[in-house]
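Numbering (the working numbering), first residue to last: 108 to 706.
Rather than coming from a laboratory, the hints here were simulated on the basis of the structure. Ideal Cβ positions, reconstructed from N, Cα and C, are used throughout, including at glycine. Hints should not be assumed to be uniformly reliable.
[As the list claims (entries may be wrong)] Pair by pair, the computed Cβ-Cβ distance ranges are: (1) Ala586 - Thr305: 47 to 55 Å; (2) Asn595 - Asp654: 21 to 29 Å; (3) His224 - Ser567: 25 to 33 Å; (4) Gly487 - Gln168: 34 to 42 Å; (5) Gly380 - Leu589: 31 to 39 Å; (6) Leu589 - Glu626: 51 to 59 Å; (7) Leu643 - Glu324: 37 to 45 Å; (8) Pro585 - Pro362: 28 to 36 Å; (9) Glu281 - Lys517: 41 to 49 Å.
[To be verified] EDC-like mimics (lysine to aspartate or glutamate), calculated; alpha carbons at most 16 Å apart, straight line: (10) Lys198 - Asp172; (11) Lys121 - Glu233; (12) Lys703 - Glu655; (13) Lys156 - Asp172; (14) Lys577 - Asp409; (15) Lys472 - Glu339; (16) Lys198 - Asp227; (17) Lys572 - Glu400; (18) Lys576 - Asp421; (19) Lys378 - Glu400; (20) Lys648 - Glu588; (21) Lys420 - Glu448; (22) Lys648 - Glu626; (23) Lys472 - Asp540; (24) Lys576 - Glu390; (25) Lys352 - Asp507; (26) Lys393 - Asp421; (27) Lys378 - Glu339; (28) Lys352 - Glu485; (29) Lys204 - Asp172; (30) Lys156 - Glu181; (31) Lys198 - Glu217; (32) Lys703 - Glu659; (33) Lys352 - Glu339.
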Amino acid sequence: MSFFQSNLSAQLAKNPNFANQLMKVDEVEDFEIFMDENDVSTLNFVNTKNFTPLYESTPAQSIVDAAEHFKMFEQYPYLYMYGLGNGILLKHLLENKNLKRIVVVEPELELAYVVLHMVDFTQEIESGRLVLLSKDEANFPNILTLFQTLEEQRYARVYDIHINTSYYEKIHHEHLQRTNQMFLEALYHAVNSVGNDTKDALIGLKHHISNLPLLLETPPLLELLNKLNTTETAVLVSTGPSLTKQLPLLKKIAPYVRIIAVDASFPVLYKAGITPDVVVSMERVKESARFFEQVPKEGYTDVVTVLSSLQHKDVVCAPKGGTVTMSLRPLGYMIASGPKEWGFLGIGSSAANMAFELIYYSRFKNCILIGQDLAYSEDGSSHAQGHVFGENDVKVKESDVWVKGWGGTKVRTNHNWTMFRNFFEKDLADIKDDMLTINATEGGASILGTRELTFHEAISLCVHKNSTKKTLLLQKMPAKELEICTQNTWANIDAIVVYVKDLLEELKALFLEVAMVCEKLDAGKEVEISHMQALLAHAQKIKARKDEKMYEQVVWHIAQSMMLVQEIDLAPTEVYLPKNEEENVRKIQALMRGYKPWL
Numbered sequence: 108m109s110f111f112q113s114n115l116s117a118q119l120a121k122n123p124n125f126a127n128q129l130m131k132v133d134e135v136e137d138f139e140i141f142m143d144e145n146d147v148s149t150l151n152f153v154n155t156k157n158f159t160p161l162y163e164s165t166p167a168q169s170i171v172d173a174a175e176h177f178k179m180f181e182q183y184p185y186l187y188m189y190g191l192g193n194g195i196l197l198k199h200l201l202e203n204k205n206l207k208r209i210v211v212v213e214p215e216l217e218l219a220y221v222v223l224h225m226v227d228f229t230q231e232i233e234s235g236r237l238v239l240l241s242k243d244e245a246n247f248p249n250i251l252t253l254f255q256t257l258e259e260q261r262y263a264r265v266y267d268i269h270i271n272t273s274y275y276e277k278i279h280h281e282h283l284q285r286t287n288q289m290f291l292e293a294l295y296h297a298v299n300s301v302g303n304d305t306k307d308a309l310i311g312l313k314h315h316i317s318n319l320p321l322l323l324e325t326p327p328l329l330e331l332l333n334k335l336n337t338t339e340t341a342v343l344v345s346t347g348p349s350l351t352k353q354l355p356l357l358k359k360i361a362p363y364v365r366i367i368a369v370d371a372s373f374p375v376l377y378k379a380g381i382t383p384d385v386v387v388s389m390e391r392v393k394e395s396a397r398f399f400e401q402v403p404k405e406g407y408t409d410v411v412t413v414l415s416s417l418q419h420k421d422v423v424c425a426p427k428g429g430t431v432t433m434s435l436r437p438l439g440y441m442i443a444s445g446p447k448e449w450g451f452l453g454i455g456s457s458a459a460n461m462a463f464e465l466i467y468y469s470r471f472k473n474c475i476l477i478g479q480d481l482a483y484s485e486d487g488s489s490h491a492q493g494h495v496f497g498e499n500d501v502k503v504k505e506s507d508v509w510v511k512g513w514g515g516t517k518v519r520t521n522h523n524w525t526m527f528r529n530f531f532e533k534d535l536a537d538i539k540d541d542m543l544t545i546n547a548t549e550g551g552a553s554i555l556g557t558r559e560l561t562f563h564e565a566i567s568l569c570v571h572k573n574s575t576k577k578t579l580l581l582q583k584m585p586a587k588e589l590e591i592c593t594q595n596t597w598a599n600i601d602a603i604v605v606y607v608k609d610l611l612e613e614l615k616a617l618f619l620e621v622a623m624v625c626e627k628l629d630a631g632k633e634v635e636i637s638h639m640q641a642l643l644a645h646a647q648k649i650k651a652r653k654d655e656k657m658y659e660q661v662v663w664h665i666a667q668s669m670m671l672v673q674e675i676d677l678a679p680t681e682v683y684l685p686k687n688e689e690e691n692v693r694k695i696q697a698l699m700r701g702y703k704p705w706l
């Protein structure tokens, strides 16, 4: 098997899209190729359109110089590079056992085609140590998948995109800049997605445990998922300023589609004479109760309210009728405690993200988004007319940015809306082959992965009036099953308490020792290197417990917003390569000071 066939086979398993692009290359038209006989390190290319060489000097010497430069990154587990070059520098870098993965964006398909004929990357691609992305794959959803774990996120401060040769800077400058910006946005989203307040996480845990008795009295989520899709199409109703103009059409098609509304849209729909099938709510703040308080009891007829177990008691008690079901969010402590039979919903940051998950898992053929502006309107309003907290609930700020809007316009948005949109785009990339998602907002921000149509066009395409939807009638869990489920859930809670207490005692003891050493260092006193190394080894031992199921699900998921900041601060020191013993001592001392707040 040739190098190309072997590389292609590995790439097909890891990234079929790039592999399929490579298979469409019939011949190399844009490059002249030069190489000394049987010496791939001399492989060079000249772009025949602009006569620019891949390497300006001899390729072999350029690679030697680059390899010398990359010695400073020998402790880095993750590297990011723009351009394959002739492949030899990458092959050299991958010999470093500390390097867990290098991501390479190659904008020249023909160049990649030739290099993969000349250099064998099969093992590196199969193991995931080499990730190859084509020019059009350097988008937010794809790049976000590279930063899903703590191990990947903790090196945020040492991220940089390395340019393989000056050719890429000259010929692909704009795409290089966009790619770098996309990596930064993905990193920012990944880090911010863990939350920014441990106190909020603890409040969520408190609410979750308090709500468990109520949750166990509601129909399980699976009951709703199995009965919801009696129509082909669901309309997800959010409360952006564009919603107002969509209400008359929505009212006309209401009998023929499932209307899934976020909690803030419920009062707006009621005033318009529209009854949603499902209302979704997930915020832990008590103010969300007002959305339910604004709707009278008769407005709840045939409405299913989907709550989350981490919500405030005022919200949980606010619905005045209909059917209430409560699910868990896929947060570690909820997975650990259960009850898993009630299902997990709400991996995103907003009620609309949660509603979209509900629609997808209910196996609808089509999802139409309306009111999903995620941006200010032209007059600066942030919400639809009739919004409980006013049309200008969110005010324009200097930090707001302009992004691509629906239909190719430019609209102004903020950090929170951008995060909500990013969650949509990630989900859309995952489910694009399973459900058609139409953005019929007719305003607001463009959402990558949706098809943009007017609401009228979306209705013509997806809504059929030959049958009407059925009323949702949900059953609770049978008494015998419920008893077993309840016992298991509270047993899980007890196990969590025991685990956390034991870990806390170990952490306290180590923290006191580390704090004592830091006090001595701050006072200019000498501390034996071996003693500091022993304490650091103990800290690493505790950190290694992250692989324990209970640690990952409970400790990390509750404290992650605080702990990730400490991990990000520690990473630059950990990957620094000391030049001599004096620098090594300073590195150890810096790590001691870094682990004090971590503990």
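Verification of the hints:
1. Ala586 - Thr305: 47 to 55 Å: 39 Å, violated
2. Asn595 - Asp654: 21 to 29 Å: The hinted range 21 to 29 Å holds for asparagine 595 and aspartate 654, with Cβ atoms some 24 Å apart.
3. His224 - Ser567: 25 to 33 Å: 49 Å, violated
4. Gly487 - Gln168: 34 to 42 Å: About 58 Å separates the Cβ atoms of glycine 487 and glutamine 168, which means 34 to 42 Å is violated.
5. Gly380 - Leu589: 31 to 39 Å: 38 Å, holds
6. Leu589 - Glu626: 51 to 59 Å: About 55 Å separates the Cβ atoms of leucine 589 and glutamate 626, which means 51 to 59 Å holds.
7. Leu643 - Glu324: 37 to 45 Å: Distance hint for leucine 643, glutamate 324 is violated at roughly 50 Å.
8. Pro585 - Pro362: 28 to 36 Å: 33 Å, holds
9. Glu281 - Lys517: 41 to 49 Å: Violated, at about 18 Å.
10. Lys198 - Asp172: Given that 16 Å is the threshold and the Cα spacing comes to 15 Å, the pair holds.
11. Lys121 - Glu233: 7 Å, holds
12. Lys703 - Glu655: 22 Å, violated
13. Lys156 - Asp172: It is violated: about 28 Å lies between the C-alpha atoms, which goes past 16 Å.
14. Lys577 - Asp409: 10 Å, holds
15. Lys472 - Glu339: Judged against 16 Å, a Cα distance of about 5 Å means the pair holds.
16. Lys198 - Asp227: Status holds; Cα separation ~9 Å.
17. Lys572 - Glu400: With Cα atoms ~33 Å apart, lysine 572 and glutamate 400 exceed 16 Å; violated.
18. Lys576 - Asp421: 32 Å, violated
19. Lys378 - Glu400: 13 Å, holds
20. Lys648 - Glu588: Violated, at about 41 Å.
21. Lys420 - Glu448: 22 Å, violated
22. Lys648 - Glu626: 23 Å, violated
23. Lys472 - Asp540: 10 Å, holds
24. Lys576 - Glu390: The given pair, whose Cα atoms are some 29 Å apart, is violated under the 16 Å limit.
25. Lys352 - Asp507: At roughly 25 Å apart (the allowed maximum being 16 Å), aspartate 507 and lysine 352 break the hint.
26. Lys393 - Asp421: 6 Å, holds
27. Lys378 - Glu339: Violated. Lysine 378 to glutamate 339 sits at ~26 Å, over the 16 Å cutoff.
28. Lys352 - Glu485: Holds, because 14 Å separates the two Cα atoms, which is no more than 16 Å.
29. Lys204 - Asp172: Status violated; Cα separation ~21 Å.
30. Lys156 - Glu181: At roughly 37 Å apart (the allowed maximum being 16 Å), glutamate 181 and lysine 156 break the hint.
31. Lys198 - Glu217: 19 Å, violated
32. Lys703 - Glu659: 21 Å, violated
33. Lys352 - Glu339: Not OK: lysine 352 and glutamate 339 at ~24 Å, beyond 16 Å, violated.
Comparing the model with each earlier hint shows violations of hints 1, 3, 4, 7, 9, 12, 13, 17, 18, 20, 21, 22, 24, 25, 27, 29, 30, 31, 32 and 33; every other hint is respected.
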